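> So the protein sequences, as listed, match chains V and U. For the first sequence, the positions run 1 to 113 when our numbering is used. For the second sequence, the positions run 1001 to 1115 when our numbering is used.
Any given hint could be a false lead.
Unchecked claim - Calculated pairs, EDC-like style, for lysine to aspartate or glutamate (alpha carbon to alpha carbon, straight line, at most 20 Å):
id	chain 1	residue 1	chain 2	residue 2
1	V	K37	U	E1073
2	V	K5	U	D1038
3	V	K68	V	D55
4	V	K68	V	D31
5	V	K5	U	E1059
6	U	K1057	V	D1
7	U	K1009	V	E42
8	V	K5	V	D31
9	U	K1009	U	D1038
10	U	K1057	V	D55
11	U	K1009	U	E1052
12	V	K37	V	D1
13	V	K68	V	E94
14	V	K5	V	D24
15	U	K1009	U	E1073
16	V	K56	V	E94
17	V	K37	V	D84
I should point out that these hints are in silico values taken from the structure, not numbers from a laboratory. Computed from a predicted model, the values in this text were never measured in an experiment.
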Amino acid sequence: DQQVKQNSPSLSVQEGRISILNCDYTNSMFDYFLWYKKYPAEGPTFLISISSIKDKNEDGRFTVFLNKSAKHLSLHIVPSQPGDSAVYFCAASEGTGANNLFFGTGTRLTVIP
Amino acid sequence: NAGVTQTPKFQVLKTGQSMTLQCAQDMNHNSMYWYRQDPGMGLRLIYYSASEGTTDKGEVPNGYNVSRLNKREFSLRLESAAPSQTSVYFCASSVTPGRIASPLHFGNGTRLTVT
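With these hints in hand, go ahead and build the complete structure from the sequences.
Structure below.
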């Protein structure tokens, strides 16, 4: 049973506009959330994270929002660039340790020039 | 700085054959992991090694064995390959076990097909 869900397999956005990628989770014990970005033929690379004690974390063009009551997080990319075209994975951890890390199925973002 | 290196990049096996996927990291990380990625399933943890000399099962360990050869190397072995093990395999490492602020660093993957 998938504990971390990304219900949109794909998303297309015009260059310069905002990209919003969504992620839902079912386990209320998750307390750390991460986003990874993956290009074809490469491994995922860490993008941004957020702890459950926060509701927002920002790093340059990337902002992650966490809504604990709704068990929902989102990744905002502003402005979107063609180089952002990739598959984005949401991941969540219960307690400490990457051995407790659960990944979503990914959303393929295409930024159209 | 190579990061996490996986070999081979591609492999085709017949059912029942065995093989070992190799992984090495040069970042002096304590923890290493093996994941598999299947369509519609996300990444799932097969085995992990929190530190040199220890290994533990992850979410989907059946059909696999691992060896933490030293701090740098963590191998994944398929003793008798099955078509259900057709997947993309990723090795990853992280700095310190138990530290949630330590993200995973992934290799570029091994695409395995079992016919």
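> Hint by hint, work out which the structure violates, then give me just those numbers in ascending order.
Of the numbered hints, 1, 10, 11, 12 do not hold.
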